[in-house]
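Asker: Sequence:
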Amino acid sequence: MTDTEVAQAEKPAVKNGGQENVDPESTAADEGVVVTPELENKIIRQVEHYFGDFNLPRDKFLLELTKENEGWIPMETMLKFKRLNQMSSDALVVLKAVQKSTHGLMEVDIEKQSLRRLPEKTVPEYDDERKKILAESTVYVKGFDKENTQLEELIEHFEQYENVLNVSMRNYYDKKTEVRGFKGSLFVTFNDKASAEKYYNLKNLKYKDAELEVKWQSDYFADKNKESENKVKKAKAEKQKLKDAKKAAEDEDKKKAVEAEELPKGAVLVISKLSNETMREDIKSQLEKDCQSDPNDIAFVYFQKGETEAKLRFREANKAVELKKKIDDLGKLTIQDTEVEVRVLEGEEEEEFLKKCVQDMIENKMSRKGHKRKHGGRGGFGGGRGGGRGGKRSRH
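Okay, so the sequence shown: first residue is 1 according to UniProt numbering, each after it adds one.
Do not take every clue at face value.
Below are the PhoX-like pairs computed for lysine-lysine, each with C-alpha atoms no more than 20 Å apart in a straight line [what the hints assert, rightly or not]: (1) LYS236 with LYS142; (2) LYS311 with LYS325; (3) LYS142 with LYS60; (4) LYS206 with LYS273; (5) LYS311 with LYS326; (6) LYS215 with LYS193; (7) LYS215 with LYS198; (8) LYS60 with LYS146; (9) LYS183 with LYS224; (10) LYS289 with LYS311; (11) LYS231 with LYS206; (12) LYS183 with LYS215; (13) LYS355 with LYS289; (14) LYS224 with LYS142; (15) LYS215 with LYS146; (16) LYS355 with LYS365; (17) LYS355 with LYS326; (18) LYS324 with LYS311; (19) LYS198 with LYS183; (20) LYS96 with LYS142; (21) LYS80 with LYS146; (22) LYS42 with LYS100; (23) LYS246 with LYS236; (24) LYS100 with LYS112; (25) LYS273 with LYS305; (26) LYS146 with LYS183.
These are calculated hints, taken from the structure and not from any lab test. As the structure is a prediction and not an experimental result, all values here were calculated from the model.
Starting from the given sequences, assemble the full structure and let the hints guide the process.
Answerer: Structure, rendered in structure tokens:
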């Protein structure tokens, strides 16, 4: 927001006996204010800042006013601008000070209590080209006291350098504490890049004995962008590190759980040479019919339609051994008009299979942690007679 936009949003500063309009015959002496050359210089600087090449093209409010009444701005309006009003609320003091300027920018009309930017001083368009020129002519300066630095002092300091258009203090606002403060750095804009380079190339720059660090504004922004990117990368790396640590902990938990949990031995029956049309329910029903095997004794059937081998894991130890003996006593087992072969998993083969079953069970439990377990379904267990009919393989 420009200075005049700030002023426009405020209530008019009222002095001179409570009257908003300023008496043309009033003097600073009436208010007990001594008009010094220093005060006049401050007024000149402030007014010329309002109407200068840096501020005016960006200040929509003031720019619109300059398009009316041949550019003449009444002092009644100007004295509503906060910073100028703080210097003097007397129109005559302001006009006489501006009249003494040797910069050839402003014109005053004492009688009409008005001033304007000289018509022949064309206001530059604030377009992309202008923005580019200003950006290339701006330096970042760091090293100022964060507690005891005033804008007026900074402006006076930079008057010693040629073609300074604007001095902007970089401030911050802490939302948590609602505290505003100065960052200790500035953006200083020059009239052209050559003037900015001249300042940039100076050695041992100081302000009140404090050493100053100078960068091009573009370099400052590039450094800040790189800093932000590094922060993002660091945050991502930390997040990944936590994720990896969590996964490592989960893997360790799985390992311990596998080591701690045991499935019954002698409880896996392997049925091979099944026909391609055989379904899971066919196997269970045939065992129930021929061997009086209770389907609820089966913890899980590892089988998909189209496969020629099925593994049945029972809930109790040696159940597969007992069932194999019954089948041997029958002489053969026929499922879907096909004679099948039957054996019990033993030794290392059994250990590897049961270990894999435990791992699958733990992974399924962890993946569904926090969600209600769904019972039944295709190939599940715990719903009905040892699982669904046919369909895809599930493991528990």
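Asker: Determine for every hint whether it applies to the structure shown.
Answerer: Hints versus structure:
no., hint, in the structure
1, LYS236 with LYS142, "violated (31 Å)"
2, LYS311 with LYS325, "holds (17 Å)"
3, LYS142 with LYS60, "violated (30 Å)"
4, LYS206 with LYS273, "violated (93 Å)"
5, LYS311 with LYS326, "holds (17 Å)"
6, LYS215 with LYS193, "holds (13 Å)"
7, LYS215 with LYS198, "holds (13 Å)"
8, LYS60 with LYS146, "violated (31 Å)"
9, LYS183 with LYS224, "holds (15 Å)"
10, LYS289 with LYS311, "holds (19 Å)"
11, LYS231 with LYS206, "violated (32 Å)"
12, LYS183 with LYS215, "holds (16 Å)"
13, LYS355 with LYS289, "violated (31 Å)"
14, LYS224 with LYS142, "holds (14 Å)"
15, LYS215 with LYS146, "holds (19 Å)"
16, LYS355 with LYS365, "holds (16 Å)"
17, LYS355 with LYS326, "violated (27 Å)"
18, LYS324 with LYS311, "holds (13 Å)"
19, LYS198 with LYS183, "violated (25 Å)"
20, LYS96 with LYS142, "violated (37 Å)"
21, LYS80 with LYS146, "violated (29 Å)"
22, LYS42 with LYS100, "holds (12 Å)"
23, LYS246 with LYS236, "holds (15 Å)"
24, LYS100 with LYS112, "holds (18 Å)"
25, LYS273 with LYS305, "holds (13 Å)"
26, LYS146 with LYS183, "holds (6 Å)"
Hints 1, 3, 4, 8, 11, 13, 17, 19, 20, 21 from the earlier list are contradicted by this structure; the remaining hints agree with it.
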